[in-house]
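Asks: For the record, the sequence lines run as chains A and B. Note that the first sequence ends on residue 287 in this note's numbering; no numbers are left out. Note that the second sequence ends on residue 846 in this note's numbering; no numbers are left out.
Check the hints yourself; a few may be wrong.
[What the hints assert, rightly or not] Example chain A residues on the side facing chain B (calculated, C-beta under 10 Å, incomplete): (1) ARG53; (2) CYS75; (3) GLY81; (4) GLU136; (5) HIS139; (6) ASP145; (7) SER157; (8) LEU167; (9) GLY250; (10) PHE281.
[What the hints assert, rightly or not] Okay, derived cross-link-like pairs now, DSSO-like style, lysine-lysine, Cα gap no bigger than 30 Å in a straight line: (11) LYS516(B) / LYS117(A); (12) LYS38(A) / LYS516(B); (13) LYS637(B) / LYS38(A); (14) LYS516(B) / LYS261(A); (15) LYS323(B) / LYS261(A); (16) LYS117(A) / LYS323(B); (17) LYS137(A) / LYS171(B); (18) LYS261(A) / LYS291(B); (19) LYS137(A) / LYS323(B); (20) LYS320(B) / LYS38(A); (21) LYS185(A) / LYS323(B); (22) LYS137(A) / LYS320(B).
[To be verified] Short derived list, chain A residues pointing at chain B, Cβ under 8 Å: (23) GLU42; (24) PRO43; (25) ILE48; (26) GLN52; (27) ALA55; (28) ALA70; (29) GLU77; (30) GLU78; (31) VAL121; (32) CYS140; (33) TRP141; (34) GLY146; (35) ARG164; (36) TYR165; (37) THR228.
These are calculated hints, taken from the structure and not from any lab test. All residues carry an ideal CB built from backbone N, CA and C; glycine is no exception.
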Amino acid sequence: MSESHAHDSAAPHADNGHSHAPARTHFEVRILRQNAPGEQSYWERHKVAHEPDMNVISVLQRIAAQATTIDGIAVAPVAWDCNCLEEVCGACTMVVNGHVRQACSALVDRLLEDNAEEIELRPMQKFPVVRDLVVDRGRLFRALEKLHCWIPVDGYYDLGSGPPASPAQQQERYPLSECMSCGCCLDACPQYTKIELERREGETDEQFHARREAAYDRNFVGAHAISQVMLMNLHPTGTMQAGERIDALTAEGGIQVCGNAQNCVQVCPKHIPLTRSIGRAGRAATKRMFQRFFDR
Amino acid sequence: MAKQRVMIVGGGLAGLAAAMKLAELGVDVDLMSLTPVKRSHSVCAQGGINSVNALTRQQGDTEWNHLDDTVYGGDFLQHQPPVKEMVYWGPRIIDLMDRLGVPFNRTPEGFRDQRRFGGTLFKRTAFAGATTGQQLLYALDEQVRRWETEGKVTKYEFWDFLAPVLDDDGICRGCVGQDLVTMEIRAFPADAVVIASGGCGLIFGRSTMSMACTGSAVSRAFQAGAKYGNGEFIQVHPTAVPGADKLRLMSESARGEGGRVWVPRTPHDPRDPKSIPENERYYFLEERYPKYGNLVPRDIATREIFNICTHEGLSVDPTRPCVYLDLTHIPRATLDLKLGGILEIYEKFTGVDPRTAPMKIFPAVHYSMGGLWVDYQRSADGGLQLGNPRNQQTNISGLYAIGECDYQYHGANRLGANSLLSCIFSGLIVAPSIDSRLKSQKGIAADSSSKLFAHAVRQKQAEHDALLKNSAAGRGISGVGRGGENPYRIHEELGQVMTRAATVVRYNSTLAEAIDSVHALQDRLRRSSLSDTGNWTNQNVVFTKALRDMIPLAKTILLGALKRDECRGAHFKPDFMMPGIESSDPAEQRRQAEAWCDRFEANTRKWLKSTIAVLDVNGEPQLSYEDVDTSLITPRPRLYGLVGAEIIEQVWKERQAAKQLSNNGAPQSVAHPEAVKN
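Just chain A, same shape as in the assembly:
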């Protein structure tokens, strides 16, 4: 921790800036690798030199640079996904020491406090592995399409300001709008199961794409998407299509699949009130069902 230097140096007899425990020079990392979709995964062990302020991304960068396992065998660098390294882009989600989270905010010293033996990295479990720690999260974005998660404005010409909103409304919408589509909530969800399709012989790109999307659409959309529906439905303009979104949300693979395990809200790195969104969406769906029943 950056603060520890200042505190330690202020403390008596700790002029080296470290505590009494022997300084750690190296640590071990165990990574579940997979060369390509459909191939067998395997564990690989690496040894990394310890530096101050490391996170899992910098660990993977060192491994890429050394490209040698703990046994001295030359290997291809581990593939992983990352971008902002500030925990706002949602790219670097993986399973670190058994917990699904962003690799960038997984600080090495903290991880070693919990388990001094090693750091374990594996890909998310609910998405098809592309390679090593890289997974295909296309299904997550497909759910946003299926549920019409956008404000259907009349166009982009100048039509004046948006509808007024109270601070309370803004504060209700804002946390939902921080969802970065990282997929943690899906990986932790017992109802969200992996869908991995193989290309059939003679199938074109378009055909394969369509078949995959159909499979995605039949299966559970997940907490993130339900919460996005509530975000759109809370907007004064978005609410005009609230019914359509609720219809899409109650179609096959919709909110009724949710088993209320509440794992989603516990793993959400942005502390988004996902279960509250689910509760509200459920009530909206019930209301809509009665409305439609009596409107027949």
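Here the structure of chain A is known, so what remains is to put chain B in place on it, guided by the hints.
Replies: Leaving out everything else, chain B in the frame of chain A:
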């Protein structure tokens, strides 16, 4: 039946704004991005987006003031017509984003709340917590997804732009891209290609930018003949949290909401900062710049923080340079409401709660003000002629650039909260420009000779294969080629060279050495060996290609900085500083002020020019200089904090008035009621 199509490279604010506007105009769009567009670097923008608004208007603010703050803050290095157009669009852009669902913070009455940013005296910045970029990006992402379901936009995510495809007449007919998963290389015929790939921070190793900000797409356009403007102007943000893997931005909004920068007056004072009494603290920005205080423009704040740590020896931490950015006097609830997002970042990555302890921050490379040179068509009233195909077009016909990767709008130093505006604005206005181009164009790129595209693909495939083959042949037990060079280590060295030579302060000797170092790195890079020679999600080869393409940009940045012997905005050379006036004798003061103004005018004649780089046949940058359109606001000295600023300003104004008189009512500038005040 083939239709006209447009390829957009990059899915941040600019690329998405362009995509949705083109779709609205009925144009089919392909969108290529290294990452899923929702993960683009625009998500990291924190503080807000500028425009004049109902509130500031009544305090005397106008679009013209916003224009003036932008060009003054940018040290007059931008063509003024595009900036004028942008600031006049500002209010409409905020309105549009509001309509698209961005949860802007609200006042108790339900209006959009505003905060203050550096370089202005008005509360002109709309914001959504401290994650404004994220919210704006998501709103645009949602609109583009909507068009995607209607078939107007096709996304190619996890694709790398390799090169534009130019026909025999040098017209851009599409591009070559590579699938980052399958490594397939293919051509995309396009009737216009728009580069919207963001900044090039990775050239400096660690910066506040994302890992996708390699500058490679821009460099590939540059290598294909596109001109690069103002390369040497790299903004170093005054406040960032130093980290081992990257430098995390601490937004200017922290100061906009009342954050105070200080150091203990006693060097390395070991006390808990909260226990240090007020009179033993040095609020150096507030003392030195009473008018703007902690909200001086970024180049000034950056240099002051850098100086106080390095030259004045007042760094808070004895082992590494940093100063306090203090929010602890602000109520917790206010902080959570307005700055929650960034405070969480600090807390998460340092383990310290900035609501109760002052943050430790230091400047970091943040924004590329230089970029691909782009054209514009000036309108009679000094703005842009909308819908003219020249707007945002590079010197290559059919190749456009928008957002951070073009060189317009910011000049020598970017005004805080103007980047989001410029990105969305350039994205929105490029659409009608391209639409006009498509309407007047005969033929469709997809019908161009298939040989053209096949040749381009073959060439890129050959380069790719050669890189893998050399590496495989040279691969030794270390995992890196036998005698071969490791690209990751070369990148680390490049970052060190660039950070040392071309960030806060610049010296010609260091810059010249850095150019030699980059040449040496380039030689080593030619001998690089990859530890992965496969053809499936090979991040190793993609990185190596990006690194190779950083070299021409790195050289351009260094050479531009070496040649420009002056101080201007983000470019600061102590050897060419113009010191203030120390004398207390009025006559002597006056004489020195006259001399100062003479020197300023001479410097302006020589250096108030855009640096334009092209690559010669050997791939070496060649520089030339282009006049800047300053027809709206006459350049004047930027006198923030200079000793004797008052007398210099007085002499300067007298000179301007005399000039005005001798012109005798024949104004060179566009008539504007407020123009005279400048």
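Asks: With chain B as the partner, please determine if GLU77(A) meets the hint condition of a C-beta pair closer than 8 Å.
Replies: Result: holds, 5 Å to nearest chain B Cβ.
Asks: LYS137(A) and LYS320(B): Cα distance at most 30 Å?
Replies: Judged against 30 Å, a Cα distance of about 17 Å means the pair holds.
Asks: Was the hint right that SER157(A) lines chain B, CB cutoff 10 Å?
Replies: Cβ of SER157(A) sits 5 Å from chain B, so the hint holds.
Asks: Please check whether GLU78(A) passes as an interface residue: C-beta within 8 Å of a C-beta belonging to chain B.
Replies: Cβ of GLU78(A) sits 6 Å from chain B, so the hint holds.
Asks: Min Cβ distance, PRO43(A) to chain B: is it shorter than 8 Å?
Replies: Cβ of PRO43(A) sits 7 Å from chain B, so the hint holds.
Asks: Quick check on CYS140(A) please, does its C-beta sit within 8 Å of some C-beta on chain B?
Replies: holds, 6 Å
Asks: Let me know if the C-beta of GLY250(A) comes in closer than 10 Å to any C-beta of chain B, holds or violated.
Replies: Nearest chain B Cβ about 27 Å off; hint violated.
Asks: When you check the alpha-carbon spacing of LYS516(B) and LYS117(A), does it fall within 30 Å?
Replies: Satisfied, since the Cα-Cα distance of roughly 26 Å is no more than 30 Å.
Asks: Holds or violated: LYS185(A) with LYS323(B), Cα cutoff 30 Å?
Replies: holds, 23 Å
Asks: Taking 30 Å as the top limit, are the C-alpha atoms of LYS137(A) and LYS323(B) close enough?
Replies: holds, 16 Å
Asks: How about CYS75(A): closest beta carbon in chain B under 10 Å, or not?
Replies: Hint on CYS75(A): holds, closest Cβ of chain B at ~5 Å, below 10 Å.
Asks: Go through the hint on ARG53(A) and say holds or violated, using the shortest Cβ distance to chain B against 10 Å.
Replies: Holds. Min distance 9 Å.
When each numbered hint is compared with the structure, violations occur for hints 9, 10, 20.
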